[in-house]
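Q: Just so you know, the protein sequences line up as chains V and L, in that order.
Residue numbering for the first sequence follows my numbering, beginning at 133 and increasing consecutively.
Residue numbering for the second sequence follows my numbering, beginning at 7 and increasing consecutively.
FYI, nobody ran anything at the bench for these hints, they're computed from the structure.
A portion of the hints provided could be inaccurate.
To be verified - Derived coverage of chain V by chain L (criterion: at least 3 residues anywhere in the stretch with Cβ under 8 Å from a Cβ of chain L; other residues may be distant):
id	stretch
1	144-154
2	172-180
3	183-197
4	222-236
5	271-279
Stated by the list, open to error - Partner residues aside, some chain V positions facing chain L, computed with beta carbon under 7 Å:
id	residue
6	Leu140
7	Asn262
8	Phe268
9	Val287
10	Ser293
Glycine included, each C-beta is placed from N, C-alpha and C at the ideal position.
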Amino acid sequence: MPEVLFYLFAAMTLVPALLMVASRNTVNCAMLMIVSFVGTASLFALLQAFLLTVLQIMVYAGAIVVLFLFIIMLLDVGRVRAVRGGAGKLVCALVFFVALAACPVLAILSSRGGAAPVGEAVPAASSAANFGMLLFTKYQLPFELTGFLLLAAMVGVIYISRRAPAAEPSEAPEAVEK
Amino acid sequence: MAPVALNHYLIVAVLLFAIGFFGVLLRRNVIVMFMCLELMLNAVNIALVAFSRFNATAGHPMMDGNVFVFFVITVAAAEVATGLAIIVALYRRRGTVMADDLSSLKK
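Given only the sequences and the hints, what does the whole structure look like? Please build it.
A: Printed below as a string of structure tokens:
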């Protein structure tokens, strides 16, 4: 049963990701990204990281995708025009894709280290209590720094997205032409 | 069907990372490129959780990988907010989000 679930969730992660790369409609991309993120969350659940499953769905499939959708609709860039002269780029990207996918996969398949099936379930290893314990003992400094990072990001976003006083005239006409 | 081992998860992670990288290279829309970056981060998360799970024993639950994923998710949230703010500023300034049109450094 876990095997079937694994392959199901792996497909749920990878197929929407591929479709997302191929999709011409940006809104569809965001929707497919939700499916891919939920698939990833399901893989986390199979790995018994239940807290991370919840976080993945809340933060990625919830907040991040909503943010993306908001920006897509704000900028009104839902549909992309057809690309011209994309063949060379496609070939180049495909070569990189095959190289990047094939080398590690071959290395993993030829190794024997991870091939052993997993032992019995580690009881409640990744419970929220364990998480909290680690976050406030071993990882306290990174935890606090993360909070500071979020604050810095918030201030930065407010600063970046304030209305600019006036665009420099040298750049504006050029953008309009295109 | 073979029992699911660490290798299976690692292969999924590698493929997802490669798909994300493929998208970053292929797509011209900056927003979609940014989404593909998120896919790559997700791939790394899968690998981290898998390593964490498969190296755990009953006496010693390996939580470090999981905690690392927690931080990755947090930083990704901050990164998305900042990146999208930059994209909005870019769009206001240049009126486009296509990477091909953002070539003022070339001239």
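Q: Now tell me if each hint is right for this structure.
A: How the hints compare with the structure:
{"no.": "1", "hint": "144-154", "result": "holds (count 6)"}
{"no.": "2", "hint": "172-180", "result": "holds (count 6)"}
{"no.": "3", "hint": "183-197", "result": "holds (count 8)"}
{"no.": "4", "hint": "222-236", "result": "holds (count 9)"}
{"no.": "5", "hint": "271-279", "result": "holds (count 3)"}
{"no.": "6", "hint": "Leu140", "result": "12 Å, violated"}
{"no.": "7", "hint": "Asn262", "result": "6 Å, holds"}
{"no.": "8", "hint": "Phe268", "result": "11 Å, violated"}
{"no.": "9", "hint": "Val287", "result": "10 Å, violated"}
{"no.": "10", "hint": "Ser293", "result": "5 Å, holds"}
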